[in-house]
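Hints given; two lone chains; assemble the complex.
Listed below, chain by chain, are the residues.
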Amino acid sequence: MPTDVNSGLATLSDQLILATVLLYVLAMIGYALDLGFGRARAAAPARELVAAGEGLPAAPEPAEDGPPPPAWAARAAMFAIVVSFLGWAANLGAIITRGVAVGRWPWGNMYEFVVAICFAAMTAFLVMQARQPVRFLGAFVSVAAALGLGFAVRYLHVQAGPVVPALNSYWIAIHVTAAIFASGLFIVAGTSGILFLARKDGPSRLPGRDDLERLAHRAIVIAFPIWTFAVIAGALWADKAWGRYWGWDPKEVWAFITWIAYAAYLHARATAGWRGRAAMIVQLVAFGCLLFNLVGVNIFMSGLHSYAEVP
Amino acid sequence: MTSTEEVRADPVRPTGFGPLGWLRWAWRLLTSMRTALILLFLFAVASVPGSIYPQRSISPERVAQYFKDTPGLAGWLDRLWLFDVYTSPWFAATYLLLFISLAGCVVPRAAAHLREMRRKPPAAPRNLSRLPHHASFQAPGATVETLAAALRKKRFRTVTGPGWVAAEKGYLRETGNLLFHFALLALLVAVGAGGLYGYRGNVLLVEGNGFANTVAAYDRYIPGQKVSPESLEPFSFTLEDFQATYVATGERRGQPLDFSARLKVTDRPGARERPYDLRVNEPLDVGGTQTYLIGHGYAPTFTVLDGKGQVAFEGPVPCLAADQMTYTSECVVKVPDAEPEQLGFLVRFLPTTVPAQDGSYVSVFPGAANPTAQVFAFSGDLGLKSGQPQSVYQLDTKSLKPLVMGADAKPLSVGATLPLPGGAGSIRLTGVREWISLQIAYDPGRVPALLAAGLAVLGLVLSLTVRRRRLWVRVAQEGDAVEVGGLTRTEGGPAFTDEFSQIVTALRGPEAGESASRQGVKDAH
Ligand code: HEM
Numbered sequence: 001m002p003t004d005v006n007s008g009l010a011t012l013s014d015q016l017i018l019a020t021v022l023l024y025v026l027a028m029i030g031y032a033l034d035l036g037f038g039r040a041r042a043a044a045p046a047r048e049l050v051a052a053g054e055g056l057p058a059a060p061e062p063a064e065d066g067p068p069p070p071a072w073a074a075r076a077a078m079f080a081i082v083v084s085f086l087g088w089a090a091n092l093g094a095i096i097t098r099g100v101a102v103g104r105w106p107w108g109n110m111y112e113f114v115v116a117i118c119f120a121a122m123t124a125f126l127v128m129q130a131r132q133p134v135r136f137l138g139a140f141v142s143v144a145a146a147l148g149l150g151f152a153v154r155y156l157h158v159q160a161g162p163v164v165p166a167l168n169s170y171w172i173a174i175h176v177t178a179a180i181f182a183s184g185l186f187i188v189a190g191t192s193g194i195l196f197l198a199r200k201d202g203p204s205r206l207p208g209r210d211d212l213e214r215l216a217h218r219a220i221v222i223a224f225p226i227w228t229f230a231v232i233a234g235a236l237w238a239d240k241a242w243g244r245y246w247g248w249d250p251k252e253v254w255a256f257i258t259w260i261a262y263a264a265y266l267h268a269r270a271t272a273g274w275r276g277r278a279a280m281i282v283q284l285v286a287f288g289c290l291l292f293n294l295v296g297v298n299i300f301m302s303g304l305h306s307y308a309e310v311p
Numbered sequence: 001m002t003s004t005e006e007v008r009a010d011p012v013r014p015t016g017f018g019p020l021g022w023l024r025w026a027w028r029l030l031t032s033m034r035t036a037l038i039l040l041f042l043f044a045v046a047s048v049p050g051s052i053y054p055q056r057s058i059s060p061e062r063v064a065q066y067f068k069d070t071p072g073l074a075g076w077l078d079r080l081w082l083f084d085v086y087t088s089p090w091f092a093a094t095y096l097l098l099f100i101s102l103a104g105c106v107v108p109r110a111a112a113h114l115r116e117m118r119r120k121p122p123a124a125p126r127n128l129s130r131l132p133h134h135a136s137f138q139a140p141g142a143t144v145e146t147l148a149a150a151l152r153k154k155r156f157r158t159v160t161g162p163g164w165v166a167a168e169k170g171y172l173r174e175t176g177n178l179l180f181h182f183a184l185l186a187l188l189v190a191v192g193a194g195g196l197y198g199y200r201g202n203v204l205l206v207e208g209n210g211f212a213n214t215v216a217a218y219d220r221y222i223p224g225q226k227v228s229p230e231s232l233e234p235f236s237f238t239l240e241d242f243q244a245t246y247v248a249t250g251e252r253r254g255q256p257l258d259f260s261a262r263l264k265v266t267d268r269p270g271a272r273e274r275p276y277d278l279r280v281n282e283p284l285d286v287g288g289t290q291t292y293l294i295g296h297g298y299a300p301t302f303t304v305l306d307g308k309g310q311v312a313f314e315g316p317v318p319c320l321a322a323d324q325m326t327y328t329s330e331c332v333v334k335v336p337d338a339e340p341e342q343l344g345f346l347v348r349f350l351p352t353t354v355p356a357q358d359g360s361y362v363s364v365f366p367g368a369a370n371p372t373a374q375v376f377a378f379s380g381d382l383g384l385k386s387g388q389p390q391s392v393y394q395l396d397t398k399s400l401k402p403l404v405m406g407a408d409a410k411p412l413s414v415g416a417t418l419p420l421p422g423g424a425g426s427i428r429l430t431g432v433r434e435w436i437s438l439q440i441a442y443d444p445g446r447v448p449a450l451l452a453a454g455l456a457v458l459g460l461v462l463s464l465t466v467r468r469r470r471l472w473v474r475v476a477q478e479g480d481a482v483e484v485g486g487l488t489r490t491e492g493g494p495a496f497t498d499e500f501s502q503i504v505t506a507l508r509g510p511e512a513g514e515s516a517s518r519q520g521v522k523d524a525h
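These protein sequence lines map, in sequence, to chains W and Z.
Using the UniProt record's numbering, the final residue of the first sequence is 311, and nothing's skipped along the way.
Using the UniProt record's numbering, the final residue of the second sequence is 525, and nothing's skipped along the way.
Chain Z with its partners taken away, still in its complex shape (with noise of 0.2 Å):
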């Protein structure tokens, strides 16, 4: 994609060629501007339907509402890959034929412009007054050397001949022009290599517990296609402690204000613990592998025995906001080494609780002022033998017999024991921590397709200031009359008008009269 003066003509599609003929007419024709600019077009219509439909990239509890809500619509949605439009292959073979169509392009181009800008600009024309912006005025004295100087000054290239000069600038449109096209085209690699060598993961992290950058720590790891599970960056780290700052009084009451994670820090293996105050907008980066801070909650710890007294389960449940003006939270205890039945619980976290008015309980403010738990307990085959893989966040109560319920019972605080109706065991709440969620990521095309984006803006910003212009000046054999004839052959830009006057001004000299000049300006549009 070009923009410059030279159009180039539709492909005509060849008669009787071979079939060599016929790639060639299909190169040009993928090559050409038109192509280019529906190409880039039909770039953008791909990419609507991924802001319309949910990504399961992006959003996959989305996705599988979709399936849910709309089985049969959703079925053929995903056929059409609408829930993963960005690497379908539509949009891949949108994007790589962009590709092609901008390299087919730029490259000849590049290489016209190298020979254009080694090329003399031309010589005058017969007629200067023809021209588009013209001027006549005496300078005594003047000659060709003099002029081409004084031209040369004002960074013009020029070639001269008998009795006249041809100047010419603003190379640096074209110049510009290239270099944008070019860095697009390096973004789209950089992006593209990112992806492939890169690699992204989410760990849960509770207060007290570390993380060591392995593929098995994660529990979601997105590997690009040519990354190794060995080239992992070998650093790991302990969550000390988690603060959560919220607006306390008025109308925004529970807004948050300000996260911050208190992390130590291991490099590599054997290096000196650092301390780090992970926040968001504010990553950890140990070599080019970013670790951000993406969500938190709260997880109690939970101490249950069983039927038998013995401790069954001891330690903290990680539990999902439900609402985020409160941090009211659920979770979920499963005690599958509980005797003689294996236990479950459901649990609702309320961490500021107060009583409302119909008697039961509510969470006020998402901070932790009033921490308390509300459970509902169940005896049973929890069904963790049946093979099928479970979600630690819900329990199936179907088959479970439930021995507490009651959602108005006073809900446990801090070191209060609930005992287990028919001597089924106790379950205990001990404290309450809180849990941070990290993405951790890597990508080596970040820093290469940001240059390639600063690249791109300053190529931008020439190719739409700057323009090419061409003068011719002509002196009079035996005279002093001067003829100028100016042109300049793109838009956009501040008028010519103006530079031109400024441009006969200096040729005319400081010691050039107001006396016998004639300056008219036509516009070509």
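This is chain W alone, in the form it adopts within the complex (with noise of 0.2 Å):
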């Protein structure tokens, strides 16, 4: 067992960090040029006729009147996407940095673990924008993932150190890294389910409400399995470090809440048909327990979970 902690790398990890919130706020700024003066998206009614095939959001047409845009949008992109890698491998650096100063799985405690869903939230990003236009989404991301890593330095930090019996185990290995995966998931659906809300009919430089829609159900369609894993995982864990698999301690029950209400969205769309606003309703619901969760539950509940360490 570990006990003693490399302080320099410790250190490097916290520097790490307050770069990759820098560069992620720089992507921000990139992407949010690109959206407000790059080449604009057509009107939704329009984009439908040609929405090829499902689930894929369509190449962005581009809009038949205004003027061209500016060259320097097109950089914009370039530079957004870029500054985004390198925050991200900002992001990733920090981590290890931290996991190989305290030589053990970097999420032992609540600051580990916002830090990690933030990077998952952005690899999430990342891996779709390669292989479709979802480009808009990085705005929104960049800034949800800036404003995460904000939170968790201000509010969540702690000393790089051991974790306490309990989580000294393999199974934090697969049990939490499951929860962030997941997590980083419903965040980008969560994402475009705002976007969609806050969007109106009508010409938009945001893509049409449809695309938004079907990103979202694509990636909690994802997410979904794994967030189901991460809670039997975390039973199975249960059951060796507890003495029970199921307990109805706080995190158990607002995870199973959380199941339960993206179960719910993936019913209503699939067999109650329910389409737009009411389920992306629902989907925001599930999210907003699924923040809680991490959030609420934490600081505000005391239960079993509450090693999760926040200062």
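Which residues of chain W face chain Z? A few of them, derived with a C-beta cut under 10 Å, are:
{"hint": "1", "residue": "ASP4"}
{"hint": "2", "residue": "VAL221"}
{"hint": "3", "residue": "TRP237"}
Away from chain Z, derived, C-beta distances all over 12 Å, residues of chain W:
{"hint": "4", "residue": "GLY8"}
{"hint": "5", "residue": "VAL25"}
{"hint": "6", "residue": "PHE85"}
{"hint": "7", "residue": "GLY99"}
{"hint": "8", "residue": "LEU147"}
{"hint": "9", "residue": "ARG154"}
{"hint": "10", "residue": "ARG199"}
{"hint": "11", "residue": "ASP201"}
{"hint": "12", "residue": "SER204"}
{"hint": "13", "residue": "LEU206"}
By construction, these hints were calculated from the structure, which means they are not laboratory data.
Glycine residues also receive a C-beta, built at the ideal position from the N, C-alpha and C atoms.
Here's what the structure looks like:
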């Protein structure tokens, strides 16, 4: 059991996080400039006809009228992508250095956990945007990640160090990693859900509501089984650590509620045939439950998950 | 609850039906998709209060505190079972209704799916170009048989007719869906059965002492309704030694790093003893009964001589930690056998004692580096005969005469004796042992529950990723013109467009030229 902390590496990790925040903010500006001044998208109704296939938001169509975008707007997009990859690398670097510094999996407390979730959200976005034209999300995901990291640095930061015996288990690699990845994807889905509600009908620089809806749906379809797995892995771990696999601990209750809410979203779409606003609201309620489980339960409720070490 | 195309219509309220009609209506209502969804939501909402109010099954002491702080409100909350949410009638009602609704929904679906699986894909519609996915091309020499074979190679199920092939694939979606829902039912059953046929209990064990798994040996024992006391796995063990390791320096000084309890375990009477190193995350498993290490503390050992010079008490006294970071602990020594008067002691145990600035003594580290005990002595009637149950951790000093007070007095170190004034006797700290608290649990439902959960995930992944696809191919009677139409009925998963064009390529065969091909895709969205 490693007890000593490599403080040089730990400091490096803290500095890398600050760099990450900076880079994400820069990326956000780049994406926002691209969104605001780049090639505008045509009005939603016109796009419905050209959308090819399912699941894919179609390539943005140049607006029929209006002046051509300034040349620097294209450069802003390029800049944003490069900078967000740099930020992503710094984020990854911060996680790795922290892990090496303490000689364990680097998500044993709430600070480390939030840092990892921001990383997962950014990863989900970058992977998606490499395969589909979803660059418009960049501004919003990077601002969410920057805010998350800022919150973690300001309110959650604890010195790098060893974890309590309960967390000293390989289960942390399974259970928490799954929770992190699912949360990252849910953040992408939640972001497009908010955009969906914010977007007015008619022409807009944002993509059509259909595209936003499809994007959210796809992220949730991937995230939901991962979340299910995370909860089951949690139960397996609880069976080893706490003497029961399910005991209605607050975190368990809210993991369950979150699970049901996302299940309800999938059902509402698949069976009840809900589309649009109604389904999106269910999705955002589920997202709210996820966030409450992360922030509210750790801070306001005492339970077995309380070693989350909120300072 | 299902997730396929056919939405069950809301049951129509019967008019002029007899009781049977109403019953049928109620059943249809209960098992409708929408009701299942509402019940699912209710189930989630019903579990919220359990995370807000303290629960008896989890932290009885916090419930007691609630009663103390707000007796009026607590009484009302209690009447609504808000301190026992997960065993309350209304919670049970929610999940029983959900259970019935789920079963009523899934069983008929399974039957329908079985029939569906045996049914042939439907014949080709007249106009294939109306379908969302459509292509036509020239394929010299293509026949219904070669085309059907090509589709079967892609794992389609096919039916042929004069000049057409109908193909379908993706039945696994509904299979997965049903698997998921049946697995949820199985999970509910496993959890319920585990509660009925399992038991749970707690014990506190001091180093050197033993435990045998019988009802009498538990400090707290919570059996399921169907557990008989004789059915307990007959194992036993003794606690040889407990070790806790802490961070010694730095900001996290005092944080625990590792706990380990060395046990000597006898699996059943007469079996050979075996050593077992019990740790957090590594429970002891004897025939499915698990023993968990859930807490620890100090048990200083005392020898008390009474006013007549006789040994009135000798042994370890478990103390409860009042502060986790320093393990400053508190305990009570009751000596009912002391003569002429009974003696009682309040003890503050300091594992690593240092003098503080103000002349008092404090502990600065949870490990026992310099253990001492501060003793407050009382004499008088301890009230043990009154018949009222007393906590071993509390001493009611109201009616007792204080003998030794003074928090600043130098605490006893190991081997030191404190004489009591007035010839009332003496107390001697003879050593320091540690205790562990254990949870012992038997839950026959845990492995079935895990299997059910695993199947649920499998079913979930299938039903979310597989899509149902139908294809029709028509070959013109005399020429080589081939027409293909495709339809997918559910969304999600990767786009069908790519797959459709791959299938078309496969159907055209390797030698097919680019020549007279026309391929169009329309989207139904
Ligand atoms: C049925 C059992 C369990 C469930 C349902 C469960 C659920 C969850 C969920 C949903 C999260 C996600 C993060 C969030 O939104 O806050 C989480 C995080 C976490 N879980 Fe569990 N968990 C269980 C058991 C355990 C056990 C036994 C341990 C360790 C002894 C554990 C340790 C953690 C840690 C370290 C995190 C990281 C985030 C944090 O510190 O809040 N969990 N758990």
